[in-house]
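Since chain A is already given, all that's left is putting chain B on it; use the hints.
Respectively, the protein sequence lines represent chains A and B.
Just so it is clear: in the first sequence, position 147 is 147 by this note's numbering, and no numbers are missing.
Just so it is clear: in the second sequence, position 110 is 110 by this note's numbering, and no numbers are missing.
Errors might be hidden in some of the hints.
[Said to hold, decoys possible] Distance windows between CB atoms, simulated:
no.: 1; chain 1: B; residue 1: Glu98; chain 2: A; residue 2: Lys35; range: 47 to 53 Å
no.: 2; chain 1: B; residue 1: Tyr76; chain 2: A; residue 2: Ile186; range: 57 to 63 Å
no.: 3; chain 1: A; residue 1: Lys97; chain 2: B; residue 2: Gly217; range: 33 to 39 Å
In case anyone wonders, no lab produced these hints; they're calculated from the structure.
On a predicted model such as this, the values are computed, not experimentally measured, just so you know.
C-beta: ideal position from N, C-alpha, C; glycine also.
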Amino acid sequence: MAEETSPKEISPKETSPKVTDSKTINPQEIVDFLKPRVGARFKTWLDICAHCALCADTCHFYNTSGKDPNMIPARKVRFLKEILKKKGKVDKAYLEKVYHTVYHECNMCRRCTLYCPFGIDIALMISLLRATLTSQGMIPEGLRKAIENYKATGNQMAVTKEEWVETIQWCEEEASAELVGLKIPIDKKGAKIMYTVNAREPKFYPQDIMEVAKIFYVAGEDWTLPSESGWDDTNLAMFVGDVKTAKMIVENTFKRADELEVKQVAITE
Amino acid sequence: MSFYNFVAGPLLWLSFAVFIIGLLVRIVTFVKVSREKDKIIYQHFNWRYVFLTFARWLMPINPTVAKTPAYFLLVYVFHFCLLVVPVFLQGHIILWEESRFGFSWPALPHLLADLMTLVVITIAALFLLRRILSRDLRLLSDFSDYALLVIAGLPFLTGYWVTHGTLDAILSSYSMQIIHTLSGELMLVMIPLSKLSHFVLFFFSRGASAVEFGRRGYSM
Chain A
1 MAEETSPKEI
11 SPKETSPKVT
21 DSKTINPQEI
31 VDFLKPRVGA
41 RFKTWLDICA
51 HCALCADTCH
61 FYNTSGKDPN
71 MIPARKVRFL
81 KEILKKKGKV
91 DKAYLEKVYH
101 TVYHECNMCR
111 RCTLYCPFGI
121 DIALMISLLR
131 ATLTSQGMIP
141 EGLRKAIENY
151 KATGNQMAVT
161 KEEWVETIQW
171 CEEEASAELV
181 GLKIPIDKKG
191 AKIMYTVNAR
201 EPKFYPQDIM
211 EVAKIFYVAG
221 EDWTLPSESG
231 WDDTNLAMFV
241 GDVKTAKMIV
251 ENTFKRADEL
261 EVKQVAITE
Chain B
1 MSFYNFVAGP
11 LLWLSFAVFI
21 IGLLVRIVTF
31 VKVSREKDKI
41 IYQHFNWRYV
51 FLTFARWLMP
61 INPTVAKTPA
71 YFLLVYVFHF
81 CLLVVPVFLQ
91 GHIILWEESR
101 FGFSWPALPH
111 LLADLMTLVV
121 ITIAALFLLR
131 RILSRDLRLL
141 SDFSDYALLV
151 IAGLPFLTGY
161 WVTHGTLDAI
171 LSSYSMQIIH
181 TLSGELMLVM
191 IPLSKLSHFV
201 LFFFSRGASA
211 VEFGRRGYSM
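Okay, chain A solo, but in the shape it has when bound (with noise of 0.2 Å):
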C-alpha cells in the first residue's frame, strides 16, 4: 500500500467540492469554446424542443424535489440556450448559477431522453455546460485535482507505478497467506482477463484487491493486472466533459489489453 501521502490527494470524506474561482469570466473564450462543440444535434434540439414537459416526471430531481419546475430537464438546459444567445457574454453571478444546475440538479443519466418524443439528449447538453463551466475555472475541486492526476500518472490518485505493484505484492502475501498458492499476476501476456480497479483500492482500500483475487482463484480464472497506467477504470474526466481526458483515460486501458492480449477487460464493482 502507498506510504506516502501525496500533496495532490483527495480525502475520501470530501464531499461538498467548492468551486475553484481564480479566474474572471471571458466571453470570447466561451464562443470559442462552444463553436466547434455545438454541432448539428445540439442546434436542433434546442430549435425544436416543443416545450411540452414530458421530461418532467422522468427525472428524479424532480420527483423528489416535490415537483419543482426548475428541475424539469427541458427547462434546465435554457443556460446553453442563453449562453450562445448572449454570445458567452455572462458574468460570474450566472455561470455560478449554472454550475449549481449542472452539478447539483442533473447528474447526466439520460432517462428524459428516453421519454422525450424527439429523443433530445439532455444529458449531452449538460456535459457540454459542464465543459463550459470548466474552460472558465469553474470546477468542482475534487474532479479538478483528479484529472490533473490522471494527467500526470494516469490514475486519479496519482498513485506511482512503484507503489502500485509494490501494493498488488503486499495483497499477495496478506491474501496467499489465507489461501495457500494464491498469486496475482502482474503483466501476464495471453491471459484471458485483464482487471481493472478503482484507483481508490491501491490507495485506501487494498482489501478490495485481496477479495478479488480469491475469487478468481478460486474459480481458477486465467487473469491479471497491467503494472501501467491503464488499470484505472474510473473516468471522473467524463464528469466534467473533458473529452480529451475522458479519451486519454479509455486509452490508456485499451492499450494495456493490445500490450497483454487479454480477451476481456473486467472493471472493478
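Frame of chain A; chain B shown alone:
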C-alpha cells in the same frame, strides 16, 4: 390584380417557396454541420436502430405512450388530422385541379373532413389551455409556444368558417377566404422558421439519438 388574387397567387408561391426551401436548408444544414461536428452519427450509423425508433414513435409503441396515454392519444390524433385534412380536403383539391398543375387525387368525404377539422381545433384549444393552466408548462413556455399553437389552429378554424359561412353576418365570404388563405400561408412559413421544423427535424433528432443509444446496445 385583386387582393385575393395576390394572396392566392404570388403570396402563395412565396409561402410555398419559404416552406420548401426553408425545410431543405434545415436538412442540408443538419447534414453539413453534423458531418463536421457530430461524426459519431456517421461512425456508428445503423439503419436498424434508426428505423426502429421511427417505427416506435410514429406509431404509439413507446414508453411515453404507456406513461401518459390520454395526452399521447390527443397528440397522435392531432398530428394525423393536421397532416391529412389540408392535403385531402375537397376544396383544396379543386384548387389544385384548377391550377396550372392540374393535379387531382381522391378527397375526404365532407362530413369526415369537417369532423377532423373540429378535432384539430378542439385539441389545439385543449393544448393551449393546458399550457396556460399548468405551472410547469407556463415556466417552460415563451411567447412563441403560445403563438405557434394559435398559428397551427387558425387555418382550421378559419377554414371551418369559410366552408360553413359561420361568420357571414360579420365578414363577407371574400374576406373570409383571404383570412383563411393568409392563416394557412402563415403556418407554412412558420414551419421551417420555428420549432414546427420538427416536421422534418424530428427524424434527424430521433435518428441521431437512436444511433447514440444503439451503439451502446439500447434500441430506443
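To see whether the hints hold, each was checked on the structure:
no.	hint	verdict
1	Glu98(B) - Lys35(A): 47 to 53 Å	holds (51 Å)
2	Tyr76(B) - Ile186(A): 57 to 63 Å	holds (60 Å)
3	Lys97(A) - Gly217(B): 33 to 39 Å	holds (36 Å)
Comparing the model with each numbered hint stated earlier shows that all of them hold.
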